[in-house]
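Chain order of the listed sequences is Y and B.
Following our numbering, the numbering of the first sequence begins with 23 at its first residue and continues without gaps.
Following our numbering, the numbering of the second sequence begins with 3 at its first residue and continues without gaps.
To be clear, the hints were calculated from the coordinates, so they are not data collected in a lab.
Each hint should be verified, as a subset may be incorrect.
To be verified - Calculated from the model, a selection of chain B residues having no Cβ within reach of chain Y, i.e. all distances over 10 Å:
1. Ile20
2. Leu34
3. Gly71
4. Phe77
5. Tyr215
6. Tyr241
7. Asn245
8. Phe269
9. Asn283
Stated by the list, open to error - Once the Cα atoms are required to be at most 20 Å apart in a straight line, the calculated PhoX-like pairs of lysine-lysine come out as:
10. Lys302(B) / Lys109(Y)
11. Lys356(Y) / Lys188(B)
12. Lys356(Y) / Lys334(Y)
13. Lys334(Y) / Lys529(Y)
14. Lys108(Y) / Lys302(B)
15. Lys446(Y) / Lys434(Y)
16. Lys423(Y) / Lys434(Y)
17. Lys188(B) / Lys423(Y)
18. Lys472(Y) / Lys434(Y)
19. Lys390(Y) / Lys188(B)
20. Lys356(Y) / Lys308(Y)
21. Lys217(Y) / Lys156(Y)
Fair warning: this is a prediction, and the values are worked out from it, not measured in the lab.
Heads up, the beta-carbon is just placed ideally off N, CA and C, and yes, glycines get one too.
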Amino acid sequence: MNNYLLSIENLSVDYITDTEPVRAVNNISFGIHTGEIFGLVGESGSGKSTVVQAMMRILPPPGLISNGSVRINGEDILSASESNVKKFRWKQISIVMQSALNALNPVLSIREQISDVLKTHKDLVGIDAETRAKELLSLVDIDEDRLNSHPHQLSGGMKQRVVIAIALAIMPPIIIMDEPTTALDVIVEREILAKIIELRKKLNFTILFITHDLNLLLEFADRLAIMKNGRIVEIDDVENIKQGGQHSYTRKLIGSIPSASGSRQEGLLSKPDSLDFPTTPLIEIKNLRKTFQSPGLFNKNKLTAVDDISFKISEGEIVGLVGESGSGKSTIAKLVTRLIRPTSGTIYLNGENKQVTEARNVPLEYRKIVQMVFQDPFGSLNSIHTVYHHLSRPLLRHRLKSKDELFDYIIKMLETVGLSPGEKFADKFPHEMSGGERQRVAIARALSLKPQIIIADEPTSMLDVSIRMDILEIFARMRKENNLTILFITHDLASARYLADRIIVLKNGSIVEEGPSEDLIQSPSNEYTKQLVNAASPGWLETIHKNSDNKEIIDA
Amino acid sequence: MNSRTQNSNIFRRWFDGILSNKKALIGTYIILFFIFIAIIGPFFIQSPTEFLGTPLTPPSTKNLFGTNGQGQDVFAQTISGARQTLFVGFTTGILVVIIGALIGGIAGFYGGRIDDILSLIINIFLVMPGLPLMVILASWLPPGPGTLLGVLVLTGWAWNARVIRSQMMTFRNRDFVSAAIVSGEKNIRIILVEIMPRMLSLLASSFIGASIYAIGAQVGLEFLGLGDISTVTWGTNLYWASNDLALLTESWWTFVPTGLSIALVSFSLTLINFGIDEVTNPRLISERLWREKIPRNLIKDGVTPVLKNNE
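Assemble the whole structure, with the sequences as input and the hints as a guide.
What follows is the structure in structure tokens.
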């Protein structure tokens with residue numbers, strides 16, 4: 023066991039509460055060899071971030087390490103005194119935090135943030151620190167002029183690269199990466215990962231990579247540990263896990279990954295009987311435009327979020343609207359649901375030239391026809407009201423059900439979305455349910471009015487991977503059973519192609535490409551779509567990774 | 003079944019929280035004691051304005067708190083003064099919160115032109131110097147509790163409206179509000195049923211803050227002689243004590259009982275405010291909690307404590 027660079031044995035971490043302590047990490051052990059990329063995968067609440075924080079001993083109370091050891095080159099961090107712990111941090115082991123936005127101090131320049139680390143840990147000041155800082159930035163492909171920039175002047179990807187540069191500042195043998203790409207767009211994410219792989223090749227450090235995204239790790243990790251409820255359920259070489267793994271949970275995780283390559287997985291989702299849709303559209307959006315005026319009397323800055331968008335959706339069709347953050351896709355959702363008013367353009371409903379964009383107050387009838395499912399199930403339900411309240415209000419408002427029928431109908435709706443027995447859920451408050459259960463309630467609320475069209479704004483992106491498929495399945499089934507029309511908004515091309523019949527690709531508020539899902543993914547014509555498809559295809563990173571290994575052999 | 007269980011649930015959570023919080027509990031006991039005295043006290047005491055003979059006699063068994071410069075019973079004055087002082091104080095608190103919630107809530111929820119106009123009004127009231135305005139209004143209008151109430155509400159509502167407006171603006175863009183709009187809910191119902199209960203802690207502490215302010219300002223105005231000096235309140239008690247040169251004659255009993263009562267009421271309200279803070283923001287309690295449960299020698303700055311190391 024001694025040949026591990028980093029070894030963790032029987033680590034247990036508790037959180038002190040007013041009653042019993044909660045065990046977040048339960049007796050886990052693993053070891054990482056020098057030069058390895060070790061992946062730690064787990065869904066939210068599995069304890070993976072707690073492991074990392076405990077390893078560095080940066081977990082603040084009420085966190086308490088109740089047992090275990092963490093050895094780097096045989097030295098135990100957990101038995102080290104307060105001042106000795108500081109010798110481990112950054113010199114032996116450094117960390118790339120989840121959100122670059124929070125990891126960087128907004129009021130300090132990049133230069134100050136890098137030299138801060140150099141001064142604290144290496145006593146490097148003045149011209150030496152300056153040189154080193156420039157070196158570090160060039161390592162991560164950032165121009166050295168950027169030393170004077172403040173974080174808000176950098177893009178998300180650049181910020182993440184600066185954080186990586188800071189982690190590399192004094193070349194620790196081990197770098198922990200805690201979800202380094204989660205907040206980034208797909209294309210940028212791939213760039214960052216490619217950079218990490220390249221740097222590892224060049225500088226030869228060991229990586230502990232923490233993520234919820236098993237898909238990602240399968241492509242470039244050497245070994246994997248899968249965590250669930252504070253325990254490691256499986257730990258194995260990545261090749262073995264790719265074959266399906268031993269544990270049922272591993273298999274469930276692997277099975278829940280939609281893929282953008284190969285043929286569309288037929289039969290997995292409830293398919294409608296025919297994919298020929300009526301030619302008259304249910305909803306038609308024409309020349310829609312939305313500009314946001316910056317606040318202030320004399321401020322003339324305008325931001326065009328949606329620029330001249332037109333598309334049609336037929337009854338029973340599922341259309342995927344794919345775009346990165348800032349592409350205007352959520353603005354379109356708000357425009358179509360009339361949460362905000364368009365600057366210009368019209369929305370026609372039911373082909374009868376009904377201009378719903380004109381009225382200041384949206385007619386109640388429109389609210390019944392067009393419903394929305396929000397991204398964040400933690401935010402879209404009001405924490406002080408029960409499930410019953412959330413489902414009964416729309417029904418009472420639209421006078422669809424009398425008080426006597428209400429309860430039975432709501433129970434039925436809950437069971438339709440997979441919350442059974444419905445009686446058990448009706449009286450629950452949002453905080454008593456898991457994220458997936460909440461999202462089901464939100465879907466049930468949208469469905470309860472029997473709308474004709476549902477706008478689903480990233481309905482799965484805040485959920486754990488293992489339940490995303492189930493949620494997509496509900497949408498597919500609703501379409502099959504009720505001929506429901508769905509506008510499915512997502513940043514994830516793979517899941518859009520999985521659910522949608524047609525995909526619209528959005529960039530900077532304009533449509534760049536539009537077509538049947540299969541055609542668009544197999545043969546994208548637009549350059550941007552090609553990039554997106556590339557980034558969503560598995561094996562993309564693997565190639566880079568393999569290539570870098572090959573070079574190593576050639577070099578050797 | 004729905005609306006009742008929900009309300010009882012929020013209030014029960016609060017109630018349980020307050021009961022289990024030492025600060026809030028002590029504060030509640032003190033304030034309930036004063037409210038109790040204010041309501042039933044005046045029925046059991048002799049008239050506070052009756053002339054009893056020897057002025058400025060120190061406390062004795064006959065006159066528990068002694069007599070004042072007019073030969074009136076200080077004990078009776080302290081107790082009957084509670085009624086009007088607390089009534090004006092709490093009524094001002096309620097009115098300030100209602101007006102603040104109404105104006106601030108509407109401004110924050112609707113935004114745009116409506117917000118511009120209402121914000122302008124709020125800002126005007128905010129920059130008006132409160133104390134001089136209070137003094138001028140109180141001396142110009144006919145004295146009495148109604149005048150005091152009006153003056154206090156007029157000078158006190160704007161700050162609350164401002165706070166509630168900004169809170170409303172953050173709620174306005176939450177998904178659960180958008181979801182309610184999409185389901186066709188009326189705006190007024192969204193404000194009252196969906197958003198306002200979420201602001202309960204803000205409204206409660208606004209009420210308590212406004213009540214403390216109202217009691218203080220009211221006593222101050224009356225002390226300056228700007229109230230109705232023929233009524234018996236804590237403020238007029240102090241006014242008369244000062245007029246009868248209580249400090250020069252060293253008759254401390256004429257002002258200490260009243261002053262102490264005012265201090266105790268403000269203290270208890272502040273305690274309740276702390277309690278509400280802790281009940282609605284569990285983070286404030288959690289530190290005290292883990293410090294009790296983790297062995298002290300393990301707690302060090304910036305390093306996670308380790309209970310047992312398996313060497």
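Results of checking the hints against the structure:
no., hint, verdict
1, Ile20, "holds, 16 Å"
2, Leu34, "holds, 27 Å"
3, Gly71, "holds, 55 Å"
4, Phe77, "holds, 45 Å"
5, Tyr215, "holds, 29 Å"
6, Tyr241, "holds, 46 Å"
7, Asn245, "holds, 52 Å"
8, Phe269, "holds, 27 Å"
9, Asn283, "holds, 15 Å"
10, Lys302(B) / Lys109(Y), "holds, 16 Å"
11, Lys356(Y) / Lys188(B), "holds, 18 Å"
12, Lys356(Y) / Lys334(Y), "holds, 17 Å"
13, Lys334(Y) / Lys529(Y), "holds, 18 Å"
14, Lys108(Y) / Lys302(B), "holds, 13 Å"
15, Lys446(Y) / Lys434(Y), "holds, 12 Å"
16, Lys423(Y) / Lys434(Y), "holds, 13 Å"
17, Lys188(B) / Lys423(Y), "holds, 18 Å"
18, Lys472(Y) / Lys434(Y), "holds, 13 Å"
19, Lys390(Y) / Lys188(B), "holds, 14 Å"
20, Lys356(Y) / Lys308(Y), "holds, 15 Å"
21, Lys217(Y) / Lys156(Y), "holds, 17 Å"
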